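Visitor: Join the two chains, each given in its own frame, into one complex according to the hints.
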Amino acid sequence: MIEFKDVTFVHQNGVRALDSVSLEVGKGETVAVVGENGAGKTTLVKHVTGLLKPKSGKVLVDGVDTRETSTAQLSRKVGVAFQNPDHQLFSESVEKEMAFALRNFGFPPELVEKRVSWGLELFGLEEYRESSPLVLSGGEKKRLTLACILAWDPEVIILDEPTVGQDAIQKEKLAGTIRLLTSTGKTVVVVSHDIEFLWPIQPRVIVMKGGRILGDGMAAELMLRKDVLDSARVAQPQLVTFFEGLSRRPKATFADPLEVRRWAGGNR
Amino acid sequence: MMWLSGGFVFRRGTSVYHRLDPRVKLLISLLMFSVTLMVQALYQLAMVISVMVAVAAVATVLRRVARTMLLTASFSGFIFAINLLATGNLASSALYAVRFVAIVVSTSLFFITTSPDELEQVMKTFRLPRDVVFAFVTAVRFIPVMMLDTLQIMDAQKSRGLELEKGNLLKRVRNMVPILIPLVVNSVIRSGELAEAMESRAYGAVPKPTSLVKYRARPVDKAVTVLAILLFALTAYSFYFLLPAHFP
Chain A
1 MIEFKDVTFV
11 HQNGVRALDS
21 VSLEVGKGET
31 VAVVGENGAG
41 KTTLVKHVTG
51 LLKPKSGKVL
61 VDGVDTRETS
71 TAQLSRKVGV
81 AFQNPDHQLF
91 SESVEKEMAF
101 ALRNFGFPPE
111 LVEKRVSWGL
121 ELFGLEEYRE
131 SSPLVLSGGE
141 KKRLTLACIL
151 AWDPEVIILD
161 EPTVGQDAIQ
171 KEKLAGTIRL
181 LTSTGKTVVV
191 VSHDIEFLWP
201 IQPRVIVMKG
211 GRILGDGMAA
221 ELMLRKDVLD
231 SARVAQPQLV
241 TFFEGLSRRP
251 KATFADPLEV
261 RRWAGGNR
Chain B
1 MMWLSGGFVF
11 RRGTSVYHRL
21 DPRVKLLISL
31 LMFSVTLMVQ
41 ALYQLAMVIS
51 VMVAVAAVAT
61 VLRRVARTML
71 LTASFSGFIF
81 AINLLATGNL
91 ASSALYAVRF
101 VAIVVSTSLF
111 FITTSPDELE
121 QVMKTFRLPR
131 DVVFAFVTAV
141 RFIPVMMLDT
151 LQIMDAQKSR
161 GLELEKGNLL
171 KRVRNMVPIL
181 IPLVVNSVIR
191 SGELAEAMES
201 RAYGAVPKPT
211 SLVKYRARPV
221 DKAVTVLAIL
231 LFALTAYSFY
241 FLLPAHFP
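So the sequences go chain by chain: A and B.
According to the numbering used here, the residues represented by the first sequence are 1 to 268, in order.
According to the numbering used here, the residues represented by the second sequence are 1 to 248, in order.
One thing to keep in mind: the hints can contain errors.
What follows is a list of derived Cβ distance ranges for each label pair [to be verified]: (1) B:Val220 to A:Lys53: 43 to 49 Å; (2) A:Lys53 to B:Pro144: 21 to 27 Å; (3) B:Ala195 to A:Ser247: 51 to 57 Å; (4) A:Lys53 to B:Met47: 41 to 47 Å; (5) A:His11 to B:Glu165: 20 to 26 Å; (6) A:Val64 to B:Val220: 58 to 64 Å; (7) A:Glu221 to B:Arg141: 44 to 50 Å; (8) B:Val213 to A:Lys53: 28 to 34 Å; (9) A:Gly185 to B:Ala195: 46 to 52 Å; (10) A:Lys96 to B:Leu30: 47 to 53 Å.
Covered stretches of chain A (chain B as the covering partner; in silico rule of three or more C-beta atoms under 8 Å from a C-beta of chain B) [unchecked claim]: (11) 16-27; (12) 60-68.
It should be emphasised that the hints constitute simulated quantities derived from the structure, not laboratory data.
Just so it is clear, the structure is predicted and the values come from calculations on it, not from any experiment.
We put the beta carbon where it would ideally sit given N, CA and C, even for glycine.
The following block holds chain B by itself, in its conformation from the complex (with noise of 0.2 Å):
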């Protein structure tokens, strides 16, 4: 949960990187997940998590997004175990495992400096449907709340009696059925009645609604971006043709 809580819950902000364009922010996210997967080796990758790291300093998230990488470490050691199994290659499995975590940093740098409301922007700038728009979105934005209410059934469950942290792994996983099933009624009731409060708040009932907000891009925001896509391309150029994929 706070592996989560710190990689995509959104928290204001006010450094420079909160206050860019969203679609610059998705921009500089999604170059930099692209570059991750270009990516042929270690150095490389590490060069790609230092750029990232910057990045989240400049943003002040550099706590968050430090607690994020070492929480998804566990991940990328499961990662890591069973391509060393499956391959007996110990570099190309630590290239996938770091990789893994690289991918969950530069995503999480977008959804953690980008509003909900910033996001239904961005998505409607591309011109997606509507539906999917708001379904995302309220999917991102009822994250906390889950989390909120995953707390309040453990700490329920736990007044009951019920030993968490206790007993073996299958122990601890069928402890996890008296919280999970009250979290997925809970969600299932709340997204019924999101749906009535909003279609008796006219929801649906034009087909192009108005919109409150509408994106201009600054000079700092075009300047980021022509930033950011000759930082990409240069990247991208580096790693094909200058930089070796493994050290000799």
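So that you can see chain A by itself, here it is in the shape it has in the complex (with noise of 0.2 Å):
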């Protein structure tokens, strides 16, 4: 679905964003990129959007060039709820907010009704309907964006930090809604900082520092890897300190730190 060729992105001040990276991502994947700040992920994921275009090499999004297409017309295959909220939120209602994509991609009228109110009503926000988006609080504003992404129905869906400003319910749900796009058949790349978050879900973990992909693999391989995550300043999962403190115990009971997968697989 997402397929990275040798892609090298060189920011206006010179610092390389992104070196020789190459990457495929399938359709169906659920993918998580960590690592520190000025790692290169927000860069990573707006190669995808195509509102970044490599200086070498080449991003695929569904077979097609970024370079050749805009991202108004990328943005159908490809949905991006930005960091911060306020960054989009214009319109004087909520609904209206919601079906400004819609209508940008030429949606017939009473399927932007009926998009819109799905979206409201999986988000919590159906109560907000005629408000106005700009008073909502950071965690509304956050599930906003995200319903407004999901109304149109992307192939992908990137998500840059979406639990900045949710509490742990929402960041359940939200692990949930990931879970339910993923059986869908939906791509969804998670940039996050948050480990805890990302961990339950078990996504494939894409670990990067200085630009360069240090690490990829599954959550439960990975995140085992102290050396990749200390390279990239990643804190390890709780759960997997614990397993690991308990393995370095004379008579552990969970001598394999691998068995932290048959928990992972218990939490879901």
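Guide: What follows is the structure in structure tokens.
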């Protein structure tokens, strides 16, 4: 679904944000991109949306070269929920905010109405239908931006720091939504520092540092690679740390740290 | 946006001009600005602009100034057209148009070589009210932040299928609504947060707060000041008494 072929991107100030990145993400995969600030995570996902074009190499989304299409055209396939919801909310009501993209894509009015109602219900925003999106709380705004994207049913959904400003219940709901999306065949890319949020989802994890991919693998395996995580300044999930601590005990009950996989499965 | 970025946003530099006392840099810009207003003929304006270019070269900001001049030229083209339509005088229309470029360059030279901190000190030197100084300096300081906000908002809206570059002029103007509303709202929110943060750090607690930096003019600053005033006086005299307003 998404393919990076030896992609390099250099910012105007000379910073090499992506350095020969090659990557393939299949349809229906859930991928988490982690790494310290400035690792190139957001730059990576901006290439998927076509907001940034590679200096060298190629980015293909569903076979389409992002250099040969506009972001607006590509957005029909790729929906992004940016980190700061205040950067996109402008309409006079939550309903109109949700309908904005649908109208841009030329959806018929009855379908717009149907999709808006579905999105508002899914994210518990029905009561704010007529309210201004600007008066919503931080968490509600964040949910609204996600609802706005899901409304047009893109193939790829990118969530940039989706847990910022969300309470524990909302985080659980969000994790549930991600699982639901994956089960319906959507490709989900999550950029996050919140390892504890990602761990129960058990996504494929891409660890980035200095514009390069340091590690790529399933969460259950990659989160045990302390060397990779330390190098990228990524914290290990507490559950993994707990099991590793147990495994160092002389009479350890859970000697094999890979046992966590079973636990992760149990958490689903 | 790029015009604003190139023309008025400070970037750190190590040139002799950057290191000058900010009051001297302000004086130079004011003198250049004044001379621009005194100019009565295009060739005189060309002389003034060449001095500005020389100053930009010393300050190693020639490329940025050149870009500013180029982008300002589109506005000055508009000024030229309006003047020509109103007066029918080609020479005076051209003079107004080029004068606009010179005015922008003279002010831009000060802003791109003077940090907001220096600007604050300069304004305090003139004993301007503290709140006025703070409001002005904060506005300057927030230009790059607002530019970044604008780019992020544009990214967010383009990702929702908004085609900013398509359609006729009216449609393009209408397409700016989803950009401008979040920008204004963000700015209002940010200003409120800033006010609270400032108050929680004792802003306004004492009528005369102490200052960390105090500027003292060095010999080089004094020499540049004298040179700038002399050059200004000479230029002003020449423009009024020696050089003809128009070539015979």
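Visitor: With reference to the structure, classify each hint as holding or not holding.
Guide: Here is how each hint holds up against the structure:
1. B:Val220 to A:Lys53: 43 to 49 Å: holds, 46 Å
2. A:Lys53 to B:Pro144: 21 to 27 Å: At 23 Å between Cβs, range holds.
3. B:Ala195 to A:Ser247: 51 to 57 Å: Once the Cβ atoms are compared, 53 Å apart, the range 51 to 57 Å for Ser247 of chain A and Ala195 of chain B holds.
4. A:Lys53 to B:Met47: 41 to 47 Å: Between Lys53 of chain A and Met47 of chain B, where Cβ atoms are some 44 Å apart, the hint holds.
5. A:His11 to B:Glu165: 20 to 26 Å: For His11 of chain A and Glu165 of chain B the Cβ distance comes to about 22 Å; the hint holds.
6. A:Val64 to B:Val220: 58 to 64 Å: The hint (58 to 64 Å, Cβ to Cβ) holds, given that Val64 of chain A and Val220 of chain B are roughly 59 Å apart.
7. A:Glu221 to B:Arg141: 44 to 50 Å: At roughly 47 Å between Cβ atoms, Arg141 of chain B and Glu221 of chain A fall inside 44 to 50 Å, so the hint holds.
8. B:Val213 to A:Lys53: 28 to 34 Å: For Lys53 of chain A against Val213 of chain B, whose Cβ atoms are near 43 Å apart, the range 28 to 34 Å is violated.
9. A:Gly185 to B:Ala195: 46 to 52 Å: With a Cβ separation near 49 Å, Gly185 of chain A and Ala195 of chain B satisfy 46 to 52 Å, so the hint holds.
10. A:Lys96 to B:Leu30: 47 to 53 Å: holds, 49 Å
11. 16-27: violated (count 0)
12. 60-68: violated (count 0)
Of the hints listed earlier, those the structure fails to meet are numbers 8, 11 and 12, in rising order.
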